[in-house]
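Keeping their order, the protein sequence lines are chains A and B.
When you line the first sequence up against our numbering, it's residues 472 to 796, in that order.
When you line the second sequence up against our numbering, it's residues 4 to 268, in that order.
Just so you know, the hints here were simulated from the structure itself, not pulled from any lab data.
Every residue, glycine too, gets a C-beta built ideally from N, C-alpha and C.
Treat the hints with care, since some could be wrong.
Stated by the list, open to error - Which chain A residues face chain B? A few, computed with CB under 10 angstroms, are given here: (1) N571; (2) D574; (3) A576; (4) A577; (5) A581; (6) P606; (7) V670; (8) Q725; (9) L734; (10) L786.
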Amino acid sequence: MSGVWVFIEHQDGQLKAISKEVLGAGRAVSDGLGAPLTALVFGQNVVGVAASAFAHGADAVLGCDDASLARFRVEAVGPLLAGLARARAPQALLLGGSTNGRDLAAWTAAELDAGLVSDGIALAVAGDRVKVTRPVYAGKLLSTVYVKSSPQIITLRSRAFPAAAAGGKTGAAEWVAPARSEADIPTKIVGLEAKKAGVSLTDANIIVSGGRGVGGPEGFAPVRELAEVLGGALGASRAAVDAGWIPYDHQVGQTGKTVSPNLYIACGISGAIQHQAGMRTAKMIVAINKDADAPIFKLAQYGIVGDLFKILPALSAEFRQRLGK
Amino acid sequence: MKAVVCIKQTPSTTAVFAVDNGVARWDDPGGKPVVLNPWDEYAVEEAIRLKENHGAAEAVAISMGDDSSAEQLKTCLAMGCGEAILVADAAFAGSDSLGTARVLAAAIRKIDDAQIAVFGKQAIDGDTGQTPVQVAVKLGWTPLTFVSAIKEVTGSTITVERLIDEGKETVTAPLPVVISVVKEINEPRYPSFMGIRKANRATIPVWAAADLGVNGGVGAAASQADWSHIYPLPERNTVVQLIEADTPEEQARVLVNKLFEEKVI
Ligand SMILES: Cc1cc2nc3c(=O)[nH]c(=O)nc-3n(C[C@H](O)[C@H](O)[C@H](O)COP(=O)(O)OP(=O)(O)OC[C@H]3O[C@@H](n4cnc5c(N)ncnc54)[C@H](O)[C@@H]3O)c2cc1C
Ligand SMILES: Nc1ncnc2c1ncn2[C@@H]1O[C@H](COP(=O)(O)O)[C@@H](O)[C@H]1O
Numbered sequence: 472m473s474g475v476w477v478f479i480e481h482q483d484g485q486l487k488a489i490s491k492e493v494l495g496a497g498r499a500v501s502d503g504l505g506a507p508l509t510a511l512v513f514g515q516n517v518v519g520v521a522a523s524a525f526a527h528g529a530d531a532v533l534g535c536d537d538a539s540l541a542r543f544r545v546e547a548v549g550p551l552l553a554g555l556a557r558a559r560a561p562q563a564l565l566l567g568g569s570t571n572g573r574d575l576a577a578w579t580a581a582e583l584d585a586g587l588v589s590d591g592i593a594l595a596v597a598g599d600r601v602k603v604t605r606p607v608y609a610g611k612l613l614s615t616v617y618v619k620s621s622p623q624i625i626t627l628r629s630r631a632f633p634a635a636a637a638g639g640k641t642g643a644a645e646w647v648a649p650a651r652s653e654a655d656i657p658t659k660i661v662g663l664e665a666k667k668a669g670v671s672l673t674d675a676n677i678i679v680s681g682g683r684g685v686g687g688p689e690g691f692a693p694v695r696e697l698a699e700v701l702g703g704a705l706g707a708s709r710a711a712v713d714a715g716w717i718p719y720d721h722q723v724g725q726t727g728k729t730v731s732p733n734l735y736i737a738c739g740i741s742g743a744i745q746h747q748a749g750m751r752t753a754k755m756i757v758a759i760n761k762d763a764d765a766p767i768f769k770l771a772q773y774g775i776v777g778d779l780f781k782i783l784p785a786l787s788a789e790f791r792q793r794l795g796k
Numbered sequence: 004m005k006a007v008v009c010i011k012q013t014p015s016t017t018a019v020f021a022v023d024n025g026v027a028r029w030d031d032p033g034g035k036p037v038v039l040n041p042w043d044e045y046a047v048e049e050a051i052r053l054k055e056n057h058g059a060a061e062a063v064a065i066s067m068g069d070d071s072s073a074e075q076l077k078t079c080l081a082m083g084c085g086e087a088i089l090v091a092d093a094a095f096a097g098s099d100s101l102g103t104a105r106v107l108a109a110a111i112r113k114i115d116d117a118q119i120a121v122f123g124k125q126a127i128d129g130d131t132g133q134t135p136v137q138v139a140v141k142l143g144w145t146p147l148t149f150v151s152a153i154k155e156v157t158g159s160t161i162t163v164e165r166l167i168d169e170g171k172e173t174v175t176a177p178l179p180v181v182i183s184v185v186k187e188i189n190e191p192r193y194p195s196f197m198g199i200r201k202a203n204r205a206t207i208p209v210w211a212a213a214d215l216g217v218n219g220g221v222g223a224a225a226s227q228a229d230w231s232h233i234y235p236l237p238e239r240n241t242v243v244q245l246i247e248a249d250t251p252e253e254q255a256r257v258l259v260n261k262l263f264e265e266k267v268i
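Here chain A stands alone, though its shape is the one from the complex:
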């Protein structure tokens, strides 16, 4: 048995936030199973990424450094990972619930005929099984699920696990050859338009969201201002998105993004069940709404009943002063 494997995602030579979280969760699972933690580092020019995986707690690194892996393609990485897993039989494989992580988990499970549980928000080791807590039915219920066979493949929700801290650990990676040559990889990437700068909703520590209560596209100005003061991301309800006041990228909820920030400030949002589905796991929720009976107050720890156009500028001013901005 070759222990617990974690799939590492990286950009410009740096570990992505989700991968530090997966390393942190992987460390705990490894310790629980009494098995080593191996980081999988695939890409081009990734020697530095391998060093960083060691620094963040990996006991071993299994890497592949090849031009065909320069950008993630599941038909390149999937067969590589599945082949390694077939040969070395890891007990568990953890991946981030990112777009790439989800694709790779599904590919690997299908190729190995292995069980897969996605979107874990908590893990616990019981004997040789990893019990995964995950929301189901749009977060209206919870379940504790485990994979009965091996490897146990699990994806983790972003921001649900503390990130591994960087320490002084070092080690020598083992490098393997790619599974497919460029000629055997069917998809060709012909363009990439990188995401605009700004804090992404799923990575954000703090989210300030606006709903129909902002009244129009200009109404987002005080919401955006508070988000900027706090270094947070800007969210929205579907009502505001459907009205065309703000792009769909910003939508939080069942048919938008699922977020788990430390602080979620809902402004002019009633708190419909579909909106809750996307933000209920926030550690703290603050609501600002002029209707004291709005359902959002049932979720919130703190609330202000009042007009967001009066409250938000006052909040931004107060934070600016307190944060010395």
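Since the structure of chain A is already known, use the hints to place chain B with the ligands on it.
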């Protein structure tokens, strides 16, 4: 070339859930308890557009489910799919996503000249989004997930735009492909009056395990995940603390103090 669209019946988004004896039950007092998975509406629309704009000979809807899923397949017919097939067998009950993928792959294989299989991003019950890639692997087709636009379909290739965490990626792949679509791809149409009449008269063929040559690897016994432990959310045992004061400035000051004390800033 035909386009196939895989759709699932799910609880409505407003359904209210309860758990008894580890089984989730739900009802929707104000509406329909089950609906076409909201993400699949975009997949159905895109399959119809493949027919209208990209030369697909037909858009065929398939669903694995029980008899009641015929209702959602009729919605697909009413929107404009030309054929709909229900894939149902007692042996399929309790399948995990891999079991479902095996069944759907077998059904897609049985559809003559299917070259593009369209899926929703995820089903809102399990919320896994695992099925499309797993079906692709079982078929040996290329998966293209999170597709936000189909740019071009030629006789042998497809070019799509994908919305991934890093940004917007444009990729070309040879047919056949499995695609999963995101909301940005289109605006699903409403069923037309004529469409609804036609759908109501349609009889939907049912393919069972024997018709598909599926023999094992499906159903509860083959499921590799243990799903037996489902339970309600713990109460969020918070009572909202309303910040009251004479002026917004004073309210802001009190709230900001609390948030610093709570160390969320
Ligand atoms: C299939 C489906 C999927 C859905 N998915 C999502 C989803 O992903 N995300 C989502 O958010 N919704 C989703 N919805 C929609 C959801 O049901 C609600 O319609 C929506 O969340 C309401 O948005 P809202 O709270 O901004 O608007 P409203 O419910 O209209 O609430 C506006 C609130 O603003 C308050 N307000 C007004 N003016 C002010 C002011 N000046 N100051 C302070 N407060 C003010 C009002 O008191 C009110 O509570 C979905 C619905 C369906 C059917
Ligand atoms: N039983 C099913 N029958 C047909 N299509 C399905 C079924 N289950 C899942 N799908 C398709 O796979 C997508 C992803 O589902 P899931 O992996 O369950 O989140 C859905 O949006 C559907 O397009």
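Checked against the structure, which of the hints given earlier come out wrong? Failing hint: just 7.
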